[in-house]
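Spelled out, the chains give:
2 protein chains.
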Amino acid sequence: MTDPGAWTIPMTSLSRLVIPSIAAAAALAAMPARADEGMWTYDNFPAATVQQQLNAQITPQWLDRVRLATLRLSNCTASFISGEGLILTNHHCAASCLAQISTAERDRLRDGFLADTRAAEVRCPTQYADVLMKMEDITAKVNAATAGLGDREANEARKKTLTQLEQACERAAGQRDPRRCESVTLYQGGQYFLYQYKRYDDVRIAFAPEAAIAAFGGDPDNFQFPRWCLDMAILRAYENGKPAVTPDHLKINWAGAVANEAVFVSGHPGSTDRLLTVAQLEAQRAELPLWLQRASELRGRYIQFGKTGAEAARIVADPLSSLENGIKVRRKQLDALLEPALLEQKRAAEADLRRRAAFPAEQDPWAAIEKAAQRETELSVPYGFIEGGAGFNSVLFRYARILVRAAAERGKPSEERLREYVDTALPALQRQLTAAVPVYPEREKLTFSFGAERMREFLGPDHALVRTLLAEFSPDSLAAGLIDGSKLADPAVRQQLWDGGQAAVDASEDPMIRIAKLVDEPARALRRQMEDEVEAVVDAAQEKIARARFAAFGTRIYPDATFTLRLNYGSVQGWNEAGTDVPPFTRLARLFERATDSEPFRLPESWSSKRALLDPETYFNLITNSDIVGGNSGSPLINAQGEIVGLMFDGNIHSISGSYWFDAAKNRAVAVHPAIMHTALTRIYDARELGRELGL
Amino acid sequence: MTDPGAWTIPMTSLSRLVIPSIAAAAALAAMPARADEGMWTYDNFPAATVQQQLNAQITPQWLDRVRLATLRLSNCTASFISGEGLILTNHHCAASCLAQISTAERDRLRDGFLADTRAAEVRCPTQYADVLMKMEDITAKVNAATAGLGDREANEARKKTLTQLEQACERAAGQRDPRRCESVTLYQGGQYFLYQYKRYDDVRIAFAPEAAIAAFGGDPDNFQFPRWCLDMAILRAYENGKPAVTPDHLKINWAGAVANEAVFVSGHPGSTDRLLTVAQLEAQRAELPLWLQRASELRGRYIQFGKTGAEAARIVADPLSSLENGIKVRRKQLDALLEPALLEQKRAAEADLRRRAAFPAEQDPWAAIEKAAQRETELSVPYGFIEGGAGFNSVLFRYARILVRAAAERGKPSEERLREYVDTALPALQRQLTAAVPVYPEREKLTFSFGAERMREFLGPDHALVRTLLAEFSPDSLAAGLIDGSKLADPAVRQQLWDGGQAAVDASEDPMIRIAKLVDEPARALRRQMEDEVEAVVDAAQEKIARARFAAFGTRIYPDATFTLRLNYGSVQGWNEAGTDVPPFTRLARLFERATDSEPFRLPESWSSKRALLDPETYFNLITNSDIVGGNSGSPLINAQGEIVGLMFDGNIHSISGSYWFDAAKNRAVAVHPAIMHTALTRIYDARELGRELGL
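Protein sequence lines, in the order shown, are assigned to chains A and B.
In case it helps, our numbering puts the first sequence at residues 372 to 1067.
In case it helps, our numbering puts the second sequence at residues 372 to 1067.
Please keep in mind that the hints were generated in silico from the structure rather than gathered at the bench.
Only a predicted model underlies this, so the values are computations on that prediction, with no experimental measurement involved.
Careful, some of the hints might be misleading.
If chains are identical, the list can't say which one is meant, so a pair holds when it fits in one copy or spans any two.
Claimed, not checked - DSS-like mimics (lysine-lysine), calculated; alpha carbons at most 30 Å apart, straight line: (1) Lys742 to Lys703; (2) Lys569 to Lys512; (3) Lys678 to Lys858.
Chain A on its own, in the form it takes in the complex (with noise of 0.2 Å):
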């Protein structure tokens, strides 16, 4: 089994138990970001700053190319690096597209992948490069929709907004050179933008090493530095069947970064927290050990299940990875949180800003938002399992979600759907639900039955559904008749449900349908007291903060990470651990002396048996004191000439707290040297057509 898990944004098939949407939600810091903090829009980077402090010139022209050459992918970012459409990103970012690739017999995951031409370069099934084209302020639009509405009110009339205006820019853009609209909230409501994205639908695998070099040291390793990871893979845009034509591109220049240079990370940070309220993260310190406790669970299932055989830990691999991944960061979170100074910092920042706003006590956001944070604590565990789809934790159940939900939407205005489901949202979520992916019935009978069991111990067995759906069955039984009686592994028999909408939904004798048709009405009960009693409230009350904050300390601060694209500087730099000072970079020769005959530490053949012919002074991986989190995974970092000089691909255990704050002096983020790649591609992998591209 191998662990590539690193930097992704945690979208693990354990469904945390509070809505994203909230758990990001977060009021406005108190104080302007200090030096080397902040995750800045293209809109607002503080090049001023950055010309005086690290002496680097960032041109409005600087801006623009990098930005079109910065790709986001479904859960990392990525970038151009040659004019044929040539995409850098990790190895981990890669993981899901090389696990459907996949067979019995050939496991692209473990085993790598290089395509020695173009033509035998594989389509990835269910990946998709975006690049920002665009950015529209419509804050106004928006507030003009809400103004002197109830929360409730002005929530729905809030979401039906978006909607509008994201289909009007779709229209607008027509279908020759279609966009892809998103609205983005900013400053937690503090501004609304609309984001136009073009998108690359057609995305192949040229290049990954073997996930024991890209991931070496495994999930011991993971958030760690020193390192030793070659986490990197090479990827290619397609157009109409052909390379993509991608001027827009960032040139790798191999030598790398050295010390103390100024850099720069262009990329697509997940989700902070920065500016919760401090009720926000008491909700979340208490939430957080349960999510731990089932995620810690399903990886006691996984790896037992993955001893039984080779095929059992293929299967696995690729999720057991993602999960630990997301433990160790959800592990360290809950320990910031825990942290007393942490806590204490924050109750001062808000007890600043609640003395400069001065709201009137039946007014006051914060004791809004806390009020909403205790009802969110009592809906989060039913929510979690019945509308999150936790208690049937499977993919045939989300299919089956998904066809049951969309049957119904469809048949509605498109402003009035479950946000999901509205008109611009359609062709991603079809293209998902009918990708061929392989769906293996092992592993979801173990992820159903886990999640069916788990629902009946904390819903109890007294709750009427699970009383519903566990009276005849156990959660294994449940989960088999489930699994074996379903049909919807077959994307032609998804295809054909999504097709004949809600007849065909009301037809199909589909088990797994069935259950989802069953679950329905109670889950959107919970999500409808969700979004009026916690969202609508939250929403309301953290747009009267960012008011507060905007009139306090204007836009000297940078928005709250929103899985879109930010700019952020900083340098080459290492730390002080406990009185040791760790160096910024890690060369070759220690790769060789710390690996070991077993897995994690366990080098490919392809390495070991090369050993000698290389320079064990090559730089392999680097820090930087840049401010990134979850969804930076594969974002280029570049320096002051627009140069790539090191692919980012995780951060040190310090950098974990940085969904709270960011601790200037612990905090680094983790790169793949141009050096190692360089080695890699020529030396280690023989990759010639790739190597000519990259004027290797």
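Following the hints, position chain B against chain A.
Using the frame of chain A, we list chain B on its own:
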């Protein structure tokens, strides 16, 4: 798989990452106990209060008789119910015995057990039963030994003195009527006692029902009420191969208790932390999630392993139940510590006592404990894995550890040994070591591999000991080599190594012995640090706080639970759950209505086939407001006349917060009603011999 786990002290194979003695350490309460609250020692039972509140007269004779009829098992309570050594306890207290005497062909844990005659009663390999004969206050002697010493020296002197007093006590009792003498620390060092026990170490199983009715509802129903569990088992104490003569026994009143009746529980509450300082509670709040993660992963591994076959399911059934019980307890303990009202009350009580005591700042015991708690947090992870043995999680390692340590310790004078190897501890230790119990290699590999993998994760792959163990091996291959290579599963081999002492251990090439030797030095170093830097400081500070508390409140307060004999008073009471009254009794009819076709709600054939023959109105379980916790499992529920009117086996979900405080409105204890025991013995199992002895 069955889940009979309930209220045993959670002694799972996963050791908690704090030293029990420190976890249980606590400052004394600021306030005298409220009505119905309290785990009173027999020498300080508030009979006058009981007379006044409950109109029940508890005489010294009553106290003596009940005390002499109450038994301490290895992790539970029990009572004598006949003059010929018959013992009543819970099924889940006999579960380990039932598992130990089961084989792949005869699963006595699942299928139950009934000895038709006394000759058919089967000895439990490791069970014993202790009766508390005498209590002696040795506070003055201990205080004299430590007077004027620094914390570390006092800690050493205290242990040495306790060892000497225990030894002198056992010597004085002599061989003819031997006593087991154990020192007891009450009120966190406010009092020291010497307790003298008569030990029965030949305990045999006479009757146990099927696990499916003993633990009907399994883990989902554990700590719930209403409830339908026949959680009973009948054992018998033997002396010199014959049933013990036990004139001090309790009569079962088959009609049971009625609503509001005054009732008493005599038993051995294992551990409470009601009087910890705020700093200690906060440290626990930070440590519990780590325990829960590790336990949850092990739960997942056990469950998945159990699905590989019937025998696999059987061999993990007993440890899985204990583990699931432990998870539920700690999950609710964490919830309690995250409840703001609890810490607020603790802060207020602490502030009050600090004011009364008025220690000078440099002698403030609360500050000393806070600093020690921080140090404990730093040490607890390596301590837990290396000295606690969590990194080598297996029965065979525990045998090896005992053999290696005992060999070294037995070479020293008794008072200078580690406390668990002093002369008075050796007989029980030797018996535990050499008992003929099954060792399951596949289960051993599972737990060992899990422990080694997590040790690598938490200590890091570059930790010296981790690197020594895992440079050449994976956790799985290390586990396989050690467990397949070790001969320690054979009791005769263990006996030889015990008898052979240091020379035999030094000569042994058993790989598990060699690992235990390898680990011993770093393990002892951690223990030294924990004892000197944490335990010594905390114990000294707690003695100070205890004296301040006595000065304020005398002994109108009760000591925290220490798995020593206590008596409490209360009454048969329901409670109000979120606006709904929960009545205090359940009846048989609902058991059948609630049964389903699948575990853990499937009834055994013995019950389902006799439904028509039974009175549906028969009382099944009942609840009282008795203040009990884990360790009280198997305790007799006694009326004012000294008759058994119930058999304690669990608490409701609110009872778990009883670790930290007593919530009189909601905390309820759950018992088996005598009426259903009567029905079971006479109508279901036809236990004629036992029935005759019990006067049925």
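Here's how the hints hold up against the structure:
1. Lys742 to Lys703: For Lys742 and Lys703, the Cα distance is within 30 Å both inside one copy (27 Å) and across copies (23 Å).
2. Lys569 to Lys512: within (24 Å within a copy, 83 Å between copies)
3. Lys678 to Lys858: Both: 28 Å inside a copy, 25 Å across copies.
Of the numbered hints stated above, none is contradicted by the structure.
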